[in-house]
Structures are given as structure tokens and as C-alpha cells.
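When the letters of the sequence shown are read in order and numbered with our numbering, they come out as residues 1 to 449.
Derived by calculation from the structure, the hints in this document are not laboratory data.
From a predicted model like this one, the values you see are computed outputs, not experimental measurements.
Treat the hints loosely; a few may be bogus.
Straight line, CA to CA, 20 Å or less: simulated DMTMM-like cross-link-like pairs of lysine to aspartate or glutamate [what the hints assert, rightly or not]:
no., residue 1, residue 2
1, LYS201, ASP255
2, LYS429, ASP344
3, LYS115, ASP103
4, LYS201, ASP157
5, LYS369, GLU385
6, LYS203, GLU140
7, LYS373, ASP320
8, LYS206, GLU165
9, LYS369, GLU382
10, LYS373, ASP245
11, LYS369, GLU387
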Amino acid sequence: MSLRHRPLVRGMSACLTGALLSGSVVVGCASSSGGGSKSDVQSSTGSDSSSPKDDSGTDGSDGSDAADASDGTDSVDAVDGIEGVDATDGTAAECANHAECDDATKPFCDSDAGKCVTPPPGSAIGWGPGTSVTMPVVYEPPRAYQGTSLDFHPVRDELWVALREFPTDEACEEFNATQAGCQELEGSVAIITGAATENPKGKIMKDINAWHFMRRPTGLSFGEGDFFATCGEARTGNYEDDMADFMGPTLWSADPEIFAQDPGLGLNGSHMDMLHLTPFCMGIEHEVNNVYWTFNGQVGAVERYDFAEDHGPGHEDHSDGTLQRFITGQVKRVEDVPSHLAYDAATGFVYIADTGNARVLRLDPSTAKPGQKLPAYEAMVESREYEGADLLEIVPPGRVAVPSGLILHQGALYVSDPSTGRIYAFDLKGELLNELDTGLEPGALAGMT
Numbered sequence: 001m002s003l004r005h006r007p008l009v010r011g012m013s014a015c016l017t018g019a020l021l022s023g024s025v026v027v028g029c030a031s032s033s034g035g036g037s038k039s040d041v042q043s044s045t046g047s048d049s050s051s052p053k054d055d056s057g058t059d060g061s062d063g064s065d066a067a068d069a070s071d072g073t074d075s076v077d078a079v080d081g082i083e084g085v086d087a088t089d090g091t092a093a094e095c096a097n098h099a100e101c102d103d104a105t106k107p108f109c110d111s112d113a114g115k116c117v118t119p120p121p122g123s124a125i126g127w128g129p130g131t132s133v134t135m136p137v138v139y140e141p142p143r144a145y146q147g148t149s150l151d152f153h154p155v156r157d158e159l160w161v162a163l164r165e166f167p168t169d170e171a172c173e174e175f176n177a178t179q180a181g182c183q184e185l186e187g188s189v190a191i192i193t194g195a196a197t198e199n200p201k202g203k204i205m206k207d208i209n210a211w212h213f214m215r216r217p218t219g220l221s222f223g224e225g226d227f228f229a230t231c232g233e234a235r236t237g238n239y240e241d242d243m244a245d246f247m248g249p250t251l252w253s254a255d256p257e258i259f260a261q262d263p264g265l266g267l268n269g270s271h272m273d274m275l276h277l278t279p280f281c282m283g284i285e286h287e288v289n290n291v292y293w294t295f296n297g298q299v300g301a302v303e304r305y306d307f308a309e310d311h312g313p314g315h316e317d318h319s320d321g322t323l324q325r326f327i328t329g330q331v332k333r334v335e336d337v338p339s340h341l342a343y344d345a346a347t348g349f350v351y352i353a354d355t356g357n358a359r360v361l362r363l364d365p366s367t368a369k370p371g372q373k374l375p376a377y378e379a380m381v382e383s384r385e386y387e388g389a390d391l392l393e394i395v396p397p398g399r400v401a402v403p404s405g406l407i408l409h410q411g412a413l414y415v416s417d418p419s420t421g422r423i424y425a426f427d428l429k430g431e432l433l434n435e436l437d438t439g440l441e442p443g444a445l446a447g448m449t
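Whenever a hint applies, use it, and build me the whole structure from the sequences.
This is how it looks when you write it as C-alpha cells:
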């Protein structure tokens, strides 16, 4: 992650990807080497329903204004010369450029057919000649943070961003604890209301025991029923010299009456549940109900957690939880770089940014068989290794130097590379569809949503 402070910023496009910076966030994408300019952001909450436009007013083929390449005549078809007539079947052309497509579901002008259509796969990071990337400010925090992950609230017009402090050389050990050393372990959340509007508002919230429950977060994912989960790049949730590798994902309520509020005497923070078998967690993704997938950076595995019923704010009964661990030793963590996951509800596949091995994988957990039990620090319904799962290399090494952020959207995988500042779009067979050069410095990009 870059150490330079940046404001939170908002990009201009219909792109559903939000690229996260250290201390900043880009909601949406603009044009680049892979895409042309658009107008307003259309967030994944649908809070902005305006359709994308092509700022240049051209069809991207030759730079002329709605002109055919053969003779430069305004809106003239190359075959029959009849103005505004489609070249293929003689019907009136619906569009000559993207600006003429005002249906939000069909914002892309197929210039060959003269029709407004659904954008092709990979176009969430733009289309057209690609000339610029625009990032207007969304929210500037009072001081610098490292941003690692972000997600839109499924109902409210809110963008939630996982933040962590910059690391220090100060100690946080049982008999050698400094205030600075322990405080830098505490994560927090920026909540931005109206991120896709002209007047966004933001605030930062932190749990009273973020030292344990939101330690150095790398991932944030919304689930169902106003719940979300986080996990963090930490070995333990106690003093740093504690021998127990006691860390894992935390379940939270996004209810403003609960999250980051004091639950009362004898209760421990506002968390709703926590399980403790994923040290150095580098990413988290929701599946269904209170089920989440995590990237275990300590043992190089991907895991399926089920919190089952939450225990309420600040309680500690975790006995109904389950852990299923897959592909141990086959993925690799890179320090300070999130390794995000994407879940495909239609197939049950889990896509993995295997950052340390410079590749993107597809896991089919349905093909695995139960293996050995795993020791747990607390009573659980199940904690077990699962073996023999099919694992397919979708994007092999050499295509993306440092895969980190990952989204599955409309049949395409979007992968961010913090080492180059680029976002790539691949089909589900690993063929490159598109790429966006954000122009950001190395280390700036992280999560996407």
C-alpha cells in the first residue's frame, strides 16, 4: 500500500467496480486504454439510474462525429447512403454513438447494427478509444488511512470502506505495550452516504474493541439481513507476543443502533459473532445467510465459515459455528496486499486472487470430501479439512503481476493489480476482454465492489 495520503475520490462511469486506494476510494471507473469516457456513476445499489454516455460524442471508430468512415457523410449508411438507415436490414438506425442510448439497461451503441444493446462482457471498466480517467472527490477523511476493501450496503445508499492504520515500529506486547503500537492494530470503517451523488457525506466508525474484532482488516463483505463480516491480516487477536494463533472472521450488524455502539456492562464490543481459525486472513466474501469464504494467509488455504445464529452484540457463544478448509498449501499470501474472493451463486464456484502465486483460481468445493478434523480453540459444530476439491487456474502467472481485488460481474472477472495500477477483465475461461490503466501509482489499488 502507498503511504501517501489521498482523499476519497469518485470516478465517472457506469462501472460497478470501485477501486480502493490507500486512504482513498474510487467509486466507478472512467476511460482508459480499455474504455471510453462515461458520465455518472451507477453504483451496485442502483442509487444512480442514469445511463452511461460517451463524452466524446463519437462511435470510437475514427473520431468523426457520427460519420461513416467511407465518405465522412453525417449519419449516412455505407451500403445504401440513406441517412439514419441500418446497414444490415434497412431499418432506421437507433443510434450512431453511445450518447444516443438513454436506456440504462442498453447503454452501448453497436455501431455495426445501429442499435442500443447491453454492453459486451468486460465493459464495466469502459469502452471506446480510451483517453482519460476522472476521479472527483467523494470524501476526504480527517487524516490518512490504509483502505483495503469496500462494499455497498444492499439496501441503504451507503458505501462501507474497511480502513486500517499505517504500521509503526511501536510494540504491542504484554509487558511492552505502547499506546501507538496497540492503536495501529485497530481497524475502522468509513461509511459514505450518497457516494454516487453530487453531495456524498462520510463518517468514520470504530468498535470499542476493534483491537480484537477488527484488527488490521483486509476484507469487508455484506451479507443478508443488515449483516456484514470482516477479517484481518493478523496472527492473534491479543498482545502480539501471545502464543495462540487466535484470529478469524467477525460478523457485525450494520444497524446504526448497534454497530460501534457500547452494548453495555460486561459485554465485549458491538460484534455479533467471531470464529478464530484464520490467522492472516487476506480476504472475505459472502455466500448465503451467515456463510462467508475467507483466504487463510497462514496455511495458504480457502475456507468456508458458517456463523449460523449470531450471539447478539458483545456476547461470546460461538459453539454453533462451522469451518471447512480447502486446498491447504495451494494459495499464497503477500504481506500488506489483500487477496480477495468472488462467489458465484449460480455455480457454487469460488474465484480466488492467489496473490503470492500471481494467478486467479476457481475452486469447486462440491467436489471435495471430508478429511481430518482441525483443532479449534473453542467448541464448534465442525472444524475440518476438506480434500480433493477441483481447482482450476483461470488466469495463469504472467498475465497479472499482483492480483488483489476481484469481482465477478455479468460473466466477467475483474482483477486489480496494485503493482501497475491496472484493472483487467477476463472471461471465465481466462481470456482477456478489457483492461483499464487507472494511471495510479504502484501500491494504490486494492479492493473493488
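How the hints compare with the structure:
1. LYS201 - ASP255: Holds, because 18 Å separates the two Cα atoms, which is no more than 20 Å.
2. LYS429 - ASP344: 14 Å, holds
3. LYS115 - ASP103: 11 Å, holds
4. LYS201 - ASP157: Distance ~11 Å between LYS201 and ASP157 Cα, so the pair holds.
5. LYS369 - GLU385: Satisfied, since the Cα-Cα distance of roughly 9 Å is no more than 20 Å.
6. LYS203 - GLU140: The given pair, whose Cα atoms are some 10 Å apart, holds under the 20 Å limit.
7. LYS373 - ASP320: 16 Å, holds
8. LYS206 - GLU165: It holds: about 12 Å lies between the C-alpha atoms, which stays within 20 Å.
9. LYS369 - GLU382: It holds: about 14 Å lies between the C-alpha atoms, which stays within 20 Å.
10. LYS373 - ASP245: 17 Å, holds
11. LYS369 - GLU387: 5 Å, holds
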